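Chemist: From just these sequences and the hints, can you work out the full model?
Here's the letter readout for the chains.
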Amino acid sequence: MWTREQMAEQAAEELQDGMYVNLGIGIPTLVANYAGDRDITLQSENGMLGMGPFPFEEDVDADLINAGKQTISELARTSYFASSSSFAMIRGGHLDLSILGAMEVSETGDLANWMIPGKLVKGMGGAMDLVAGCKRIVIVMDHANKHGESKLLKRCSLPLTGQGVVDRVITNLGVFDVVLGGLRIDQLAPGVSLCAVRSLTEATLVE
Amino acid sequence: MWTREQMAEQAAEELQDGMYVNLGIGIPTLVANYAGDRDITLQSENGMLGMGPFPFEEDVDADLINAGKQTISELARTSYFASSSSFAMIRGGHLDLSILGAMEVSETGDLANWMIPGKLVKGMGGAMDLVAGCKRIVIVMDHANKHGESKLLKRCSLPLTGQGVVDRVITNLGVFDVVLGGLRIDQLAPGVSLCAVRSLTEATLVE
Amino acid sequence: MASKPRATPSKALEGLLFDGMTIAAGGFGLCGIPENLILAIRDSGVRDLTVISNDCGVDDFGLGLLLDARQIRKMVASYVGDNSKFMNQFISGALEVEFNPQGTLAERLRAGGAGIPGFYTATGVGTTVAEDKEHKVFDGRTYILERGLVADLSIVKAWRGDAQGNLTYRRTAMNFNPDCAMAGKVTVAEVEELLPVGALDKAAIHTPGVFVDRLVVTTSEKRIEKRTVRAA
Amino acid sequence: MASKPRATPSKALEGLLFDGMTIAAGGFGLCGIPENLILAIRDSGVRDLTVISNDCGVDDFGLGLLLDARQIRKMVASYVGDNSKFMNQFISGALEVEFNPQGTLAERLRAGGAGIPGFYTATGVGTTVAEDKEHKVFDGRTYILERGLVADLSIVKAWRGDAQGNLTYRRTAMNFNPDCAMAGKVTVAEVEELLPVGALDKAAIHTPGVFVDRLVVTTSEKRIEKRTVRAA
Chain A
91 MWTREQMAEQ
101 AAEELQDGMY
111 VNLGIGIPTL
121 VANYAGDRDI
131 TLQSENGMLG
141 MGPFPFEEDV
151 DADLINAGKQ
161 TISELARTSY
171 FASSSSFAMI
181 RGGHLDLSIL
191 GAMEVSETGD
201 LANWMIPGKL
211 VKGMGGAMDL
221 VAGCKRIVIV
231 MDHANKHGES
241 KLLKRCSLPL
251 TGQGVVDRVI
261 TNLGVFDVVL
271 GGLRIDQLAP
281 GVSLCAVRSL
291 TEATLVE
Chain B
91 MWTREQMAEQ
101 AAEELQDGMY
111 VNLGIGIPTL
121 VANYAGDRDI
131 TLQSENGMLG
141 MGPFPFEEDV
151 DADLINAGKQ
161 TISELARTSY
171 FASSSSFAMI
181 RGGHLDLSIL
191 GAMEVSETGD
201 LANWMIPGKL
211 VKGMGGAMDL
221 VAGCKRIVIV
231 MDHANKHGES
241 KLLKRCSLPL
251 TGQGVVDRVI
261 TNLGVFDVVL
271 GGLRIDQLAP
281 GVSLCAVRSL
291 TEATLVE
Chain C
1016 MASKPRATPS
1026 KALEGLLFDG
1036 MTIAAGGFGL
1046 CGIPENLILA
1056 IRDSGVRDLT
1066 VISNDCGVDD
1076 FGLGLLLDAR
1086 QIRKMVASYV
1096 GDNSKFMNQF
1106 ISGALEVEFN
1116 PQGTLAERLR
1126 AGGAGIPGFY
1136 TATGVGTTVA
1146 EDKEHKVFDG
1156 RTYILERGLV
1166 ADLSIVKAWR
1176 GDAQGNLTYR
1186 RTAMNFNPDC
1196 AMAGKVTVAE
1206 VEELLPVGAL
1216 DKAAIHTPGV
1226 FVDRLVVTTS
1236 EKRIEKRTVR
1246 AA
Chain D
1016 MASKPRATPS
1026 KALEGLLFDG
1036 MTIAAGGFGL
1046 CGIPENLILA
1056 IRDSGVRDLT
1066 VISNDCGVDD
1076 FGLGLLLDAR
1086 QIRKMVASYV
1096 GDNSKFMNQF
1106 ISGALEVEFN
1116 PQGTLAERLR
1126 AGGAGIPGFY
1136 TATGVGTTVA
1146 EDKEHKVFDG
1156 RTYILERGLV
1166 ADLSIVKAWR
1176 GDAQGNLTYR
1186 RTAMNFNPDC
1196 AMAGKVTVAE
1206 VEELLPVGAL
1216 DKAAIHTPGV
1226 FVDRLVVTTS
1236 EKRIEKRTVR
1246 AA
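Chains as they are written, first to last, in my numbering: chain A, 91 to 297; chain B, 91 to 297; chain C, 1016 to 1247; chain D, 1016 to 1247.
No lab work stands behind these hints, which were simulated from the structure alone. Where hints are given, some of them may not hold.
[What the hints assert, rightly or not] Derived list of chain A stretches under chain C, where covered just means 3 residues or more per stretch with a C-beta under 8 Å from a C-beta of chain C: (1) 144-152; (2) 165-176.
[Unchecked claim] DSSO-like, lysine-lysine: derived pairs with alpha carbons at most 27 Å apart: (3) Lys1200(C) / Lys1151(D); (4) Lys212(A) / Lys1200(C); (5) Lys1026(D) / Lys1237(D); (6) Lys225(A) / Lys1089(D); (7) Lys1237(D) / Lys212(B); (8) Lys1237(D) / Lys1100(D); (9) Lys212(B) / Lys225(B); (10) Lys212(B) / Lys1089(D); (11) Lys1200(C) / Lys1089(C); (12) Lys236(B) / Lys209(B).
The model shown is predicted, which means the values in this text are computed figures rather than measured ones. The C-beta atom is built at its ideal place from N, Cα and C for all residues, glycine as well.
Modeler: In structure tokens, the structure reads:
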């Protein structure tokens, strides 16, 4: 089983030199910590390319936040732009990768991560745009919900964020690729048996 | 009969304090000379708001031209932007007035000013966008072509730039408004009789 | 022409507010919001508003203040965030919400300002966002038709402005502000500094003056929603 | 990642040119044209090009050089201007020309770069431009559907750039360049100055580096088409 940090570390293997990447809120944000010396450029959909790390206390600036509303810092390479230009970049396929969280993922790559009818409404924010526009979509999430039920499903039960958009899912149990016929196990976390994954996964698993 | 300069002076009466205005190539360009102390802002569709006069010789800058490719100067208020933003401004109805030249105008406000099939092709440039987007369109042109034929027609014979887009036409013979049923004579140039205008105009004239 | 600068936020909005109107507001979370114009709108008591904005601020700041005062009938937004009043009024049915993908919302505002009544996007295809919208296939991919948005009034926040209405935004406080500025039949800006005309860097004027009808100099609290720092 | 800066215009285009390709070029008249990249394209001998650009320069400079060398099969443009070769090749049928209203052309490029396959505009309704295009009524007004444009290669000219591909344009030499930069599957920029990363004013980066794949520092002749001055 992987911890949150280990899931982020695993997701960081997606990063390659020269990539333009958008990281979602939560575990995806942690992925940047594991980029190592790979030269990637982070996009923040509220209007920034070249997002830096959290600022030192004395550099906190209310006018400089990421899409998760957290204060951040700028880099030498940073540029700023309007929301419409930011999403032109996203929708137009200019970002190589987006790593996002999810409530549910289906075996056909459907994604649900923006609302639970009658209970919780977060809003889709930029997620629908990111999954429709980025070249590659990787989801990082717990394998099961707090009731122990699989979040990797045959069909999503919640309202979708996108249809057939997910390329890869990284959970605390392993790494799964969306392929024809279901999810193909790319690797399992240490100490996780194939049998255990099968019992904890509703989606069809393909070897 | 008005000269070119007098036609421009006449057209300048359209200008009011605070207006954003786009002036076409030719006589329309001269209109700016007659703005007097009215505070208008000229837009140039190649990407400039707040166009200044022609530069002094020592200030000529190849990177600073108007839509007619002429070298110009900037003002304190000037801003620059991309072509798509320039036409967002135009198409979105943010300009109060455009004054353009024409080959033909019809009594229903159709305009032709971009090509003569088989003979002359200028291209429409920004004219189709301007006539579709600006709040008011005023045409300044000679009343007749070089063969002495009326350029104010019942129907345009040349490919259109826009349909039903012209509000007013200023010619060397007078000022004409496009109204229901034809062109209404607003005023005649000094020495021009109603009879003469009638004989030189194909379009229906309404009093 | 009346000069664009006004003395106070309420004077900047004078004669522009009416019940049932649509207002587009720049800002993302509490970053780059026209906070003083929002206060003036709250104080005006105008109601039955349709508000177009990425989100609704927080419970007690930004557009959340208009929610709290029950002045908003409908939100056109992409995100609820940590605004419990927003979520509760929506779930209880007291507030109508039209959720838009964030990029679709931004593009709809730009389109409205640019005279484009509709455009196609793949964003939202196969989701509830696509329901009742025209679908069209281009080059083998399915897209939905989204409409341009025009607001009766847009309120925006800029860093610096001049009396011609030219605006420069600061860092990520730009966000939806330039798009909203374009989409307003009337646009009012609040700025931190009013510079003499000509003093703004011409290469960094993000909103040309033609889009701004009035502006007012204000002092912003600039509240921070999530202060995150790293160890020194 | 290979670094973005390249030593010469021809190296900046290495491996990107092929017969029958579509090239979008920034510039307006002779202002802000990627003149050295155009020369390198001429020298490459690539042919059967579809070129998307506002106009075709003049007979002996800018894109006019590619017309002269008969490398262009089709122009997508808004204006012929005083380019007699352009007009004559068109009228004789040697050159296919798709005339676009200038604003439609700019928006088509932006749309292509922004993942928008189509948008509606009132520009051109009732003219030959509208022929064979879908018409649609929004709120009582008729609009036509225009398509987004994507080019195999975009070539642009900027004033200053950095190794990340960030670009700042100068005055009206900006024109179509930012829109073309967005619309290219690959975009190559020529710049007058390459500054260290971080030296460009971040508020005046008109094209963020993500849109630029390669760039090259060049010396531009910057020919003036119509020198107009006033008396001292």
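Chemist: Confirm or reject each hint.
Modeler: Consistency of the hints with the structure:
1. Note: the segment 144-152 of chain A has 7 residues with beta-carbon separation from chain C under 8 Å; the three-residue rule is met and the coverage holds.
2. For the segment 165-176 of chain A, the stated coverage by chain C holds: 6 residues have a C-beta nearer than 8 Å to a C-beta of that chain, and at least 3 were required.
3. For the given pair, Lys1200(C) sits about 23 Å from Lys1151(D) by alpha-carbon distance, which is consistent with the 27 Å threshold.
4. Simply put, Lys212(A) and Lys1200(C) have alpha-carbon atoms about 30 Å apart, too far for the 27 Å limit, and the pair is violated.
5. As the CA atoms of Lys1026(D) and Lys1237(D) are separated by approximately 22 Å, the hinted pair is consistent with the 27 Å bound.
6. With a C-alpha separation of about 31 Å, the suggested pairing of Lys225(A) with Lys1089(D) is violated against the 27 Å cut-off.
7. Between the alpha carbons of Lys1237(D) and Lys212(B) the distance comes to roughly 23 Å, so the proposed pair stays at or under 27 Å and holds.
8. At most 27 Å may separate the alpha-carbon atoms for a hinted pair to count; Lys1237(D) and Lys1100(D) meet this at roughly 21 Å.
9. Pair hint Lys212(B) plus Lys225(B) holds up; C-alpha atoms about 25 Å apart against a cutoff of 27 Å.
10. For the hint pairing Lys212(B) with Lys1089(D), the CA-to-CA distance comes to about 17 Å; that is within 27 Å, so the pair holds.
11. A hinted pair counts as satisfied when its Cα atoms are at most 27 Å apart, and Lys1200(C) with Lys1089(C) qualifies at roughly 19 Å.
12. Between Lys236(B) and Lys209(B) the CA atoms are separated by roughly 15 Å; this keeps the pair inside 27 Å, and the hint holds.
Against the hints set out earlier in the document, violations occur for numbers 4 and 6.
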